[in-house]
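Residue numbers (the numbering used here), protein chains in the order written: chain A, 2 to 72; chain B, 634 to 1181.
It is worth saying that the hints were derived from the structure and are not from the lab.
Where hints are given, some of them may not hold.
Pairs of lysine to aspartate or glutamate residues, derived as DMTMM-like cross-links and limited to a Cα-Cα distance of at most 25 Å, are as follows [as the list claims (entries may be wrong)]: (1) B:K925 x B:E969; (2) A:K44 x B:E799; (3) A:K53 x A:E63; (4) B:K998 x A:E63; (5) B:K998 x A:E61; (6) B:K1009 x B:D691; (7) B:K994 x A:E61; (8) B:K963 x B:E1162; (9) B:K855 x B:D691; (10) A:K44 x B:D647; (11) A:K44 x B:D803; (12) B:K1009 x A:E63; (13) A:K26 x A:D13; (14) A:K53 x B:E924; (15) B:K1023 x B:E924; (16) A:K44 x B:E1162; (17) B:K980 x B:D814.
Since we're looking at a predicted model, the values are computed, not measured.
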Amino acid sequence: MQKKGLLYRIFDLYYDGFRHMRLGKTLWAVILIKLFIIFAILKVFFFPNFIKQHAEKGEEAEFVATQILKQ
Amino acid sequence: MNNLFLNIDAGSIDWARAQFALTAIYHWLFVPLTLGLAVIMGICETCWYRTRNTFWRDTAQFWQKLFGINFAMGVATGIILEFEFGTNWSNYSWFVGDIFGAPLAVEGILAFFMESTFVAVMFFGWKKVSPGFHLASTWLTGLGATISAWWILVANAWMQYPVGCEFNPDTMRNEMVSFLDVALSPFAIDKFCHTVISAWIIGAIFVVAVSCWYLMKNREVKLAKASIRIAAIVGLIASLGAAMTGHKSGQSVAEVQPMKLAAMEALYNGGTDVGLTASAWVNPFCQPDYEKQHAAPFRMEMPYGLSIMATNDPHGYVPGINDILNGYTKPDGTREPSVDEKIARGKIAIEALAAYRAAKKTGDKAAADQCMQELKENMQYFGYGYVKNKKDVVPYIPVNFWAFRIMVGLGCIFILFFAVMSIMAFEIPYLSVITRRLLAAFGILPETKADTHDIAGLPAWHYWAAIALVPLAYIASESGWLVAEFGRQPWTIQDMLPTWVAVSDINGMSVALTFVLFLVLFTLMLAVEISILLKQIKKGPEYTDIEH
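Next up, chain B with everything else stripped away, as it sits in the complex (with noise of 0.2 Å):
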């Protein structure tokens, strides 16, 4: 959208980015319940291994069954990212080849191994194998598919911060260097560790709202309250994990993607001491005007906050975008150049990199040498080169303002939801009856059910309520997903590659033509999942003693 000037097809870009997204969120869709309902099948079916109560046998198939229907129908939906990459995104593609490939393969040949091998002893191996290679089984099919979240996000972590290479100017790729700097990047291991734990607040949520349906029907009431307990306990430790551990990749944000964070927070001009932006008027369908605003109109801030987010020092610096604009000393004294500085050596590695190619076809190796030097001394910053205009490099802050404040708002929203749960469908001595009080008092819980530890027989908008919190989680799974991705813009890889370089010179229509039928069929699967999902848990589970 902001590159119209430029000579590619400025359509095929922001199709290519469209489609690229639309597919990523649909793919996000069954991901995250994959990762959370295996741990909630797992607890079920350890639970069955300790007490061989049949119950608990019944209620873990129950879940298991729900997972077999999300993974059969999130499977390969990523695939068809990577035929995006070699379509769309042709020149990226080929620039990161062996870096991407390597993480990518892993986890293809994980995915099919491990979790194609446990999820077959899982579904078919109830009475062909023993308890305790089932229950290993079912818990390796969760840790298969996380171990493959691992890879992926690996991948992703690299692009945001490329770490473990080198440009090979010969073969025009990144090639891996240090194997060991890509997988164990930290950047990689915040954000795969603030994915997943995420990932498991949905497979709590689902579940909640899938055993508050059974209680607003009265029926299931044994599975759902038990079902309520373990998805409350795990609910609580994941939201609350989230919180860490999103503080954990904003110190990585801030650290590596400095104007990402500006744009969350909406930052114009940083400094010290900076409070976190705890509301302020950010309109949602333009970019504010952050060169003469000294900050956001309406801003309300919690001291401190920002600093302490980003640095764990109430004192520390946060660049805002206009210091990111136009270079900043830090705190330890070092210099961060200002774009129009980075332009000109980007340009410099840019002409480098044509010099070197020219010299090597004509066999002069002096002059190969001597522009390699330069490229090498210029590469951190080869993608600023196609900057044509600092603003360019400023992400569309509406976008990332409201889709952190929207992840963030929910994820306050859940850790309440899940402390609340857990407090009564435990029934803690005191807490509860102060709790279920509380609720009482501000109308939340009928006066008749203050004394009582009974989760059922409440009025059927509390369980709508929780219901109604399963589109929530997944608004806030994407918006974190917003957030990462549209911060970095125009980077598909930090600071080396724009998007208007990365995307193939193809025409823009195609790609819109490809957007459309992807939205369609993208629906139609999507509504399908739904059907038979709701389906299913319109059946109920099957149990083996009738008394359930």
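Next up, chain A with everything else stripped away, as it sits in the complex (with noise of 0.2 Å):
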């Protein structure tokens, strides 16, 4: 009866469909590869927060404000 619940029923949905993928496989693995490259190489190496990196917190308006006042 046990077996029979939403909770195991969901997780035998994911359970076995993860288990029985075939291209979803190679879906997944481009996914992951991606998800690396996006989070672990562009946003760390490439993309900072302009404003984090040159204004205190706190003073983010202000620096915005002197971005935009000095032109």
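Both chains are sitting in their own frames, so use the hints and assemble them into the complex.
This is how it looks when you write it as structure tokens:
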């Protein structure tokens, strides 16, 4: 009876689904590589938060005001 | 490009814009196919649900597989745009933060929970859940993607028509005062309808193209014919719908971004009873001399067309570029200020903002209140204060003019194509015969096929022609975005923040480096997707019953 519970059925859906994937394995590999490149390489090394880098916490508005009003 | 005289390194503006455009264009390769295929696989599965014929289940599963490949390749590519906001467009990100954040957060939550839940049921649940629940999951997967698109388009529409917000000079941010005004802005609704419906065209053309490839190879004939029927009718409805929503979108643009409309039409001098430009010579490589020319050379027009498109009235007034630059009187008698007047008021707003912040620092409340009043009175022209030359508010006309024509021209071809496909695929009495004989008379269909109803067995070039529509559909869709985004230059937020103020004070070379990096990365990823997709198409569907 317990095996037919909602939680078990949800778990079974994902577990069985992932276990029997064929094309899905390739797609997941591509997704994971892509996420790694996006978050571990691009975000860390190439896309810092410009305002956080240049302004103290709480001073962001002042920094942006300086940037905008200096022009 | 127009702003080389400004203090900020102009290179960083151009590279940041190019990088954003590259990422957005790449992301948009996946989104419309996701939205379009969702409709077609939903219809296929509904056919299975109603008939319980396993052929329809196999057909639905095949298109779901291709949907899954496209979905997997497109997922997370949009996140890079948010990184670019934080790094390259930091002034902009801060300036709009509260407004932009809400729709994007809703989109993120919806995309994650709704799409990921129902996608899992759709792919893993065929033998696990009831047919009804599975069918609902398939449609909800498509609905989730469509709702995600809604919120992204709300954010985009706000930049083109900023409503429901108030600028706070203390925080230097626009703050949302009405969520409903932002979420249900008429500009957002028009944009959503036009964008999503045009995405269905791409889905339909993709399905027709894959089916035609099977017919050319004389395999999966039953699946191909059935899919063409569904795609033809979806494509016809969508292409007609795109024309209607495009008209509504055009009216929104005429109302809130008249400069964009004037650039799309290369309309240098406006007036009443304005014709729609059918053809004209606009040099694609340089900005025309709109101040000296009365109209674009060799201009041929459809009488009253633009007035009808913009105002629903053949005698309606449509301002041209010079009218907008020099100011004009609207049909209701109110006067639209010239750009020079707007520049003057923008400068007052900027000075008031600086004075307000200085007064706050010194604790001079009376001065701060007076500056605040001045700022509020002139805030709608804030961005103009940064414009040095009124010509800077004219977008690059050739891109707008040609991209608009490519989009509309291809849209008309799609209507014709789907109309013919629908008539032929559904074998509509009389119409089918007349169409086939007409096509045969023009040499498009072989004489031998003129009186038969079989869409299979045609010469290969017919199928190649259908396959060639896939890149054309993407070109039409991306052209639409080019019109939307190039047409609003130089504004990141209409009238409020020009690109050269929105951009971060960063070295152009570092942005150039990531641009090249993205170009290589995106090309590789696209090559991987196309190769996986083609491999699965070549492999074909997996049938439950062998006779298919």
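Unsatisfied constraints (hint numbers, rising):
2, 6, 8, 11, 14 and 17
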